[in-house]
Amino acid sequence: MEFVSLVVVVLAAFLTPILVNRLRITFLPIVVAEILMGIIIGHSFLNIVERDSILNILSTLGFIFLMFLSGLEIDFKAFKKDKSSTKKEEKVKKQEPGHLQLAIVVFMFIMIISIVFAYMFKWFGLIDDVLLMVIIISTISLGVVVPTLKEMNIMRTTIGQFILLVAVLADLVTMILLTAYGTLHASGNTSLWLIGSLVVFTIVFYLLGGFFKKAQFLQKLMDGTTQIGIRAVFALILLLVALAEGVGAENILGAFLAGVVVSLLNPDEDMVEKLDSFGYGFFIPIFFIMVGVDLNIPELIKEPALLLIIPFLILAFLISKLIPVFYVRRWFDMKTTISSAFLLTSTLSLVIASAKIAEQLGTISPEISGILILSAVITCVFVPIIFKKMFPMPDEATRQIEVSLIGKNQLTIPIAQNLSSQLYQVSLYYRNDLSDKRKLSDAISMVEIADYEEGLLERLGLFKRNIVVCSTNDDDINRKVALMAKAHGVKRVICRLESSSNDESLQREGIEVFSSYMSNKILLKGLIETPNMLNLLSNVETSLYEIAMLNHQYDQIQLRNFPFDGDIIFVRIIRNNESIVPHGDTQLRYRDRVIVTGSKEYVDELKRELEFYY
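Residue numbers are given in numbering that gives the first Met the number 0: position 534 of the sequence shown equals residue 533, and the series is strictly consecutive.
The set of hints was computed from the structure by calculation and includes no laboratory data. Because the structure is a prediction, the values reported are computed rather than measured. Idealized CB from N, CA, C, for every residue including glycine. Mixed in with the good hints, there may be bad ones.
[Claimed, not checked] Have a look at the derived ranges for each label pair, beta carbon to beta carbon:
(1) I579 / L237: 57 to 65 Å
(2) P413 / P530: 22 to 30 Å
(3) P16 / D267: 24 to 32 Å
(4) I448 / F563: 25 to 33 Å
(5) E272 / I175: 27 to 35 Å
(6) A442 / L523: 13 to 21 Å
(7) N560 / K463: 36 to 44 Å
(8) E272 / N519: 21 to 29 Å
(9) D275 / A214: 33 to 41 Å
(10) R588 / F2: 37 to 45 Å
(11) F123 / L14: 40 to 48 Å
(12) S542 / R588: 22 to 30 Å
[Unchecked claim] Heads up, simulated DSSO-like pairs for lysine-lysine below, C-alpha to C-alpha not over 30 Å straight-line:
(13) K524 / K387
(14) K388 / K334
(15) K490 / K479
(16) K479 / K463
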C-alpha cells in the first residue's frame with residue numbers, strides 16, 4: 000500500500016491539465032490548478048494522500064528542478080542594449096530611460112516599500128520575521144510573468160521588456176536574500192565566505208561548460224541514446240546542489256545557480272525543451288500537488304486571526320508594486336501602468352520556497368507557512384485575469400502596411416493598383432511635370448509635388464511609411480530620396496537603379512536595390528529552367544509569400560496543430576539561414592521566415608496574424 004499515495008499524486012498530475020482544458024479554465028495557471036488539486040486530495044478535503052519517503056524525494060527533486068528552471072528562464076540578453084533599432088526608434092528612445100535603468104529604479108522602490116510593510120506586519124503583531132516578509136512581499140514570479148507576456152505577445156515591446164527585467168531583478172535579489180536568511184538562521188556555523196566559494200565553483204563550471212560546448216568530440220554525443228548535453232546538465236544540478244548543502248546554504252541556491260550557468264551558455268532550443276519536459280512533465284507537478292496536500296485549510300479556518308493576514312498580505316503585494324510602477328506613468332498610459340503593476344503582483348515559487356524553508360528552520364509555524372502559500376496562490380489566480388482585461392492591446396484587424404511609391408510611370412502604376420488591398424495602404428508621390436496622366440483607383444492616395452525636396456516630403460508624411468519604393472525614371476532622384484528615407488528611419492527602402500544595380504553605398508545603408516535588367520535576367524533564367532515560371536509568378540493563387548513569425552502565441556506549435564484554417568500551404572521554413580521542408584510535426588519558432596502559397600485573402604490574414612502581432 001505504500002505506493003497508493005504515489006499513484007494518486009501521479010494520476011492527479013496527469014488529469015489536472017486535462018480537466019483545466021476540458022472545463023475551459025484558461026485564466027488559471029496550471030501550477031495553481033495543481034496546488035488546488037493537491038488541496039482536494041490532501042489533508043483539507045479527501046485526505047487520500049500521505050507524504051511518504053518516495054513522495055518526499057520526488058517532491059524535493061521537483062522543488063530543485065523548479066529553481067533550476069527559474070534560473071534558466073532568466074534571459075541575460077535582456078540586460079544588453081538593442082543595437083538593431085533604427086535611427087528613428089533611437090530618437091524616440093532617447094526621450095525615455097533604458098529598460099534596465101527603469102527596472103532598477105522601480106525595483107529599488109519595491110524593496111523600500113516592502114521593508115516598510117514588513118515592519119508594519121511586525122508592529123501589528125501579525126508576523127514578527129521582518130527579513131522573511133521583505134523577501135515574500137518583494138518577490139515576483141517569473142513562472143507567471145513570462146508565460147503571460149508570451150501569450151499576450153508583448154515580450155519584445157518596451158513595456159514587456161520593462162516588466163520582464165523587474166521580475167528578473169526581483170528573482171535574483173530575493174534568491175540572494177533567501178540564501179542570507181537561511182545562513183542567518185541555520186543551526187550550524189555557516190560562514191558567508193563558504194557561500195562565496197559556491198559562487199567561485201559556479202564560475203568554474205561556467206568556464207568548463209563553455210569549453211566542453213565547443214569540443215568537437217562531444218557534438219557527436221548530443222543525440223540518440225547518449226544525450227550527453229542532458230547528462231551534463233543533471234550532473235551540474237546535482238554537483239551545485241551538493242556543494243550548496245556542503246557549505247550550509249539551501250539546496251535551491253545550487254539549483255538556481257545551475258540554471259543561471261546553463262542560461263549563460265546559451266543552450267539550443269531543443270535542449271531547453273527537453274529540460275522543460277523533464278521538469279514540468281513529471282517532477283514539478285508532483286512538488287506543487289504536494290504543496291496543496293500539505294495545506295490544511297480546516298486547521299487554518301479554526302484561527303480567524305491567521306486568516307486576517309491573507310487580505311493584508313495581498314494588499315501589501317499590490318501596493319508594493321503599484322506605487323513604484325507609477326514612476327513609468329510619464330511614458331505609458333494609465334491602463335498600461337496599472338495592469339503592469341497587477342502582473343508584477345504575481346508571486347508563487349519563491350513564496351513557497353521561503354515559507355517552506357522558514358518552516359523547516361522553525362522561524363514560523365506550519366500555520367503561518369500555509370497562510371503565506373495560500374496568499375500566493377490567490378494572487379496567481381486573479382492577477383493574470385486582471386492584466387489581460389486591463390492591458391490595452393492594439394487592434395490587429397485594422398493594421399495596415401503603409402507603402403509609398405516615388406514616381407508615376409508604367410512600372411509604379413500597375414504595382415500600386417495590384418498592391419492596394421485591406422493589408423496594404425498605398426500612396427503615390429510624383430512630379431507634375433514628369434508623370435503619367437492615367438487615373439488610378441480612389442483607394443490609392445495621390446500626392447502631386449513640384450520637386451522631391453526633403454522638407455516637403457517630410458511634411459507630407461513620406462518618412463512615416465513602413466516601406467518606401469523609389470522608382471522614378473531618374474536614378475539620381477531615386478538614390479537621393481532613398482538615402483533621405485533611410486536617414487529618417489524608414490524600416491524598408493527599395494531603390495530602382497537602371498545604370499548600376501550594385502551600389503555599395505546604398506547597400507551599406509540597408510537599402511534594397513533592383514533594376515529592370517536584374518529582374519529580366521532572373522525571370523529569363525527561371526523561364527528556361529522552369530517553363531511554368533511566368534504563370535507561377537503572375538498567378539496570385541500560386542504565388543509564393545514570405546511571412547515573418549513574430550507571434551509568441553504560435554512559438555513551438557506543431558504545424559498539424561496550427562489553428563489557422565484558411566487556404567494556405569506551408570512551402571518552406573527559413574530558420575537561421577537553414578531551409579526546412581515543413582511536415583506536420585515541424586514546429587514554428589519565433590523569428591522563423593515562413594514561405595507560403597495560397598489565396599491572397601488568406602495570405603494577408605496570415606501575415607497580419609503572424610507578422611504584425613506585437
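Could you say whether the range 13 to 21 Å given as a hint is met by the Cβ separation of A442 and L523?
violated, 33 Å
Range hint 21 to 29 Å: satisfied by the CB atoms of E272 and N519?
Since E272 and N519 have Cβ atoms about 46 Å apart, the given range 21 to 29 Å is violated.
Could one say that the CB atoms of D275 and A214 fall in the range 33 to 41 Å?
Violated, since D275 and A214 (Cβ atoms, about 25 Å apart) do not stay within the stated range.
Between I448 and F563, does the C-beta distance stay in 25 to 33 Å?
For F563 against I448, whose Cβ atoms are near 42 Å apart, the range 25 to 33 Å is violated.
Does the hinted range 36 to 44 Å hold for N560 and K463 at CB?
holds, 38 Å
So if I understand the rule, the pair passes when the alpha-carbon distance is 30 Å or less; does K524 with K387 pass?
Status violated; Cα separation ~52 Å.
Restraint check for K388 with K334, where alpha carbons must lie at most 30 Å apart
holds, 10 Å
Check whether the Cα positions of K479 and K463 lie no farther apart than 30 Å.
holds, 17 Å
Lying within 27 to 35 Å: is that true of the beta-carbon distance E272 to I175?
holds, 29 Å
Does K479 lie within 30 Å of K490 when you go C-alpha to C-alpha?
holds, 17 Å
Take the C-beta atom of P16 and the C-beta atom of D267, compute their distance, and say whether it sits inside 24 to 32 Å.
Holds - the Cβ-Cβ distance for P16 and D267, about 26 Å, lies within 24 to 32 Å.
For S542 and R588, compare the CB-CB distance with the range 22 to 30 Å and indicate the outcome.
With a Cβ separation near 24 Å, S542 and R588 satisfy 22 to 30 Å, so the hint holds.
Checked against the numbered hints above, the structure breaks hints 1, 4, 6, 8, 9, 13 and satisfies the rest.
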